[in-house]
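A.B. asks: With the hints as your guide, set chain B onto chain A.
Note that the protein sequences, when read in sequence, are chains A and B. The first sequence lines up with residues 1 to 174 when you count with the numbering used here. The second sequence lines up with residues 175 to 932 when you count with the numbering used here.
There may be inaccurate statements among the hints.
Unchecked claim - Derived contacts from chain B toward chain A, CB cut-off under 10 angstroms, selection only:
| hint | residue |
| --- | --- |
| 1 | Ser404 |
| 2 | Thr407 |
| 3 | His520 |
| 4 | Ala522 |
| 5 | Leu525 |
| 6 | Asp556 |
| 7 | Glu622 |
| 8 | Gly623 |
| 9 | Asp624 |
What the hints assert, rightly or not - Below, simulated PhoX-like cross-link-like pairs (lysine-lysine); rule was C-alpha separation at most 25 angstroms, straight line:
| hint | chain 1 | residue 1 | chain 2 | residue 2 |
| --- | --- | --- | --- | --- |
| 10 | A | Lys59 | B | Lys537 |
| 11 | B | Lys602 | B | Lys488 |
| 12 | B | Lys348 | B | Lys361 |
| 13 | A | Lys111 | B | Lys616 |
Simulated from the structure, these hints should not be mistaken for lab results. Backbone N, C-alpha and C define an ideal beta-carbon position, used for all residues, glycine too.
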Amino acid sequence: MSTISKKICLIGDYGVGKTSLIRRFVDRQFSDKYLSTVGVKISRKSVEATDSQQQKKLKLQLLIWDIEGSNKFKGISKSYFQGATGAIIVGDVTRPESLDNISEHLQRFLKVNPQGKAAIALNKSDLIDAEFLEKYRYLYSFSNNSSFVSTNTTSAKTGTNVDEIFQSLTHSMI
Amino acid sequence: MSEYAELNREEAAQLENFLNLVAELAIIQPSNQVSETPFTQKQTDSSDWDKSNLSENHFNSSRAYYSKDILSAEIGSDEDFFMGESKLRSDENQSSNTIHLEAKLDSPQTQVNSPNYQVVVEEIAVKSTPFEYKAENLNQLITDNYADKNTDFQKLQEILLGDELVKIQQDLKKINHQIYDNDEFIKLILPQINEILRRKISESKEEFIEAITPIIDKTIYNRVEQDKDSMGTALAGAVPAAISEQISVNTDEVAAAIAPIMGEAIQKQIELEKDKIVDALYPVIGNTISKYMGETIQAINEQIENTLSYEGIKRKIRAKLQGVSEAELIVKESIYFIPQAIFLIHKASGLVICDIQPSDSEKLESDMIAGMLTAIRSFANDCMAQSGNVSELHEIDYGNFKIILEVAGYCYLAIIVKGKPPQKFIAKMRQTLSEIITSYGKSIEQFEGDLETIPTQVNTFLESLKNFEHKKQANKNQLSPLLILSLAILGIIFIPWGIWQYRSGVIRSVESKTALALASAPELSVYRLDVKVDGDKLKLTGRVPDRYLKAKAKQIAASTVANWKIDNQIISVEVPVSPVLTSEEVKRVAAVLNQINGAGISADYSDGKVSVEGSVIRIADAKTITQAFEKIPGVKTVSSTVQVKPLSIGVRFYFQHESANLVSLDLDTKVKQVKRFIKQYPMHNLKIIGYSYSPNGSSATQNLAIQRAKSVQQALIKQGISPSRLQVFGKNNLPPGIDASQPSWLMRCVILEPIPKE
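Only chain A is shown next, with the shape it has when bound in the complex (with noise of 0.2 angstroms):
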């Protein structure tokens, strides 16, 4: 079984945790102390996933870039998606503006590159309540777009739906 690297970025507002997510999924840790990422941090994590097509299991390595958070100000390098497979783009569910940016990374993102695939999340979903979630998550549904792969409630606090958007996302890019 040989192994296929993907590279994945995530993308989003400053301090809407995307570092958090990575750590949560590749560290199985999570800290509330705020660091912002300068540049680039690139993890890696093995996973397993079948290629629903020929039927077999496949091993991928994710190189997962963490770049850093956009603010009004500076905006995210393009450069850094090039050559991406699939992103996921973070708002933060207690910062509106976040969410309304979404949009904006996830054309920049496609921009770049066209037949990637994009997940979003929407972080920090243990602080407010089960209704709102669902309206943000359906708020921040782009079914007619065909990168477009799903848009999940997360926590990295909690490790709610964490794994799940790494996993549809890496099916996804299969």
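C.D. replies: Only chain B this time, still in chain A's reference frame:
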């Protein structure tokens, strides 16, 4: 008051008991009772004496006064208590009388305004017989004599207690105050608090600990908040012990606790006192550095050792060409160049296409490195490159290592190397990359993370790069074409030059050898003779005075270098001899010839002609003299007038007639003269011939003649002349040169004749 004074002693004792009881009651009674006490402080002025009388009259009956309101029950219960107690006492003291006391303590106002106000009954019962309460009787009494009793009771109270009551009330008040006022209460128990705690702890430690445990942390925390310094001081002594204890118990925990701040602590300490840290780390760092330096120096030593090798010379030339010091090159070469890892990385995604690492060392995280390098590249390109300019990141240095980046269209090559990569390697790397792109560019472009899509040949190409060092070693033994060419040119120049050098060396040696040999010959040393090799001959040039020397020179040369032909170009020249020299030579020869026995000559030189004068003893000597002068160069003719004169001594000893004794005068003069002669001519002996002439020739004269000769001989022997040189003869004839006509004393003589030794 007079009645009060009349009370007997027993009664006084009972009163005392009552007072005590009152005091006791004041503490035990509930607060509403206490609150009433202020109202009872003042006695009514309207208290009546009759009351006391009445109570005396009813000594034998038991009575009680009730308040008619709800308080009665409470009081009743008290009464029960008193009753029980009274009974107890009555059992103890049967013979004593019963004293029934009734007291009403009321404020004047309440007494006036409400007749059915609370009644306080206080009773002391000392009875000899058991008594009973009878409610009916009591009620009757109350209703009948209430007003009287009230005043009576007050009077009785006055009598019994007097000023004491006020005092009691004051004491009560004070005690209440002390208990319920915080400050006072604290004052009250303050002196005892230590003792209380101490006793409690000694009695049951565990309980005490349990009691304070829940708050101890909070207590410490609060105290720290309040006064950090003093808390610090208090705990300071225990902290080191605590830490050491914890380290011994659980090292990991302590390490984990301290670890996060180690870096900052060291940094801070460096800020505060750098030298201390330097000193502390010196032994470690010193060793590390010295180890590294030791290795490097060893490598440098090896480099220096091969200074005169091919590599060494090459380095010298390179140092000159590059304008850097040779030492720098040595150091550069000492830090070996080794490719550590080679990655072919997809330019856009940063995924590894090909990863080549030595199998023996620890593998690097190629994916992470590739990702980060790609990110760094992207960052550099985004931020550093100015618009319109395409610039690339070529190298990243870290310590001894270097990452060389060579970027192509869809991929780039990242090679981690140790040491400085030689130019050759860079060239090879570029060549390899271009070959890979030419052949497999398409698969690289379409790479999507699946390594199976990359042809294995790519690996093979890159493996060749990894083996660069080994190839370099192998190449060492092969000569490059450039080197061969330069060697050929050098050969063309240097081989003939070398041969010529050798030949001239040989020639020089032959020449010098021959010249030395010629100079060593005494006859030739004074003449300047040149030895030169001419083709295969040894040519001798120079001038000598004669043919003999010319021939001699040739002979010497031939014997010195046997296998060389000798071309003798030496010219023998007739040297015109200097007249001065000739003249001096003539004088010298003359002096030498005068050494010959009996020779006395003088030579004069002028115009090549020597004229010799003088005499010699022998004819042979005369010939020798002529020949000697003829041999002198520059002498052409010799005219000799040398006469041959035989040697003679012109000394004759004369004697007296008929006597053979020497004349004393002759002993001094003539004998010494003869002696000198003999010494002068050592090659001659002396013939001593004595003469004694007598015409008749008698034998007597013959003897005389011998006698005379002997006496001369003796005289000479006395002078130290060896007898062997002296021969004695006697003759009777006339001495030579004397004839008979001459005086006879001339005939009486001894003649000395030198004869050459045989």
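A.B. asks: Checking each numbered hint in turn, tell me which of them this model violates, lowest number first.
C.D. replies: 1, 2
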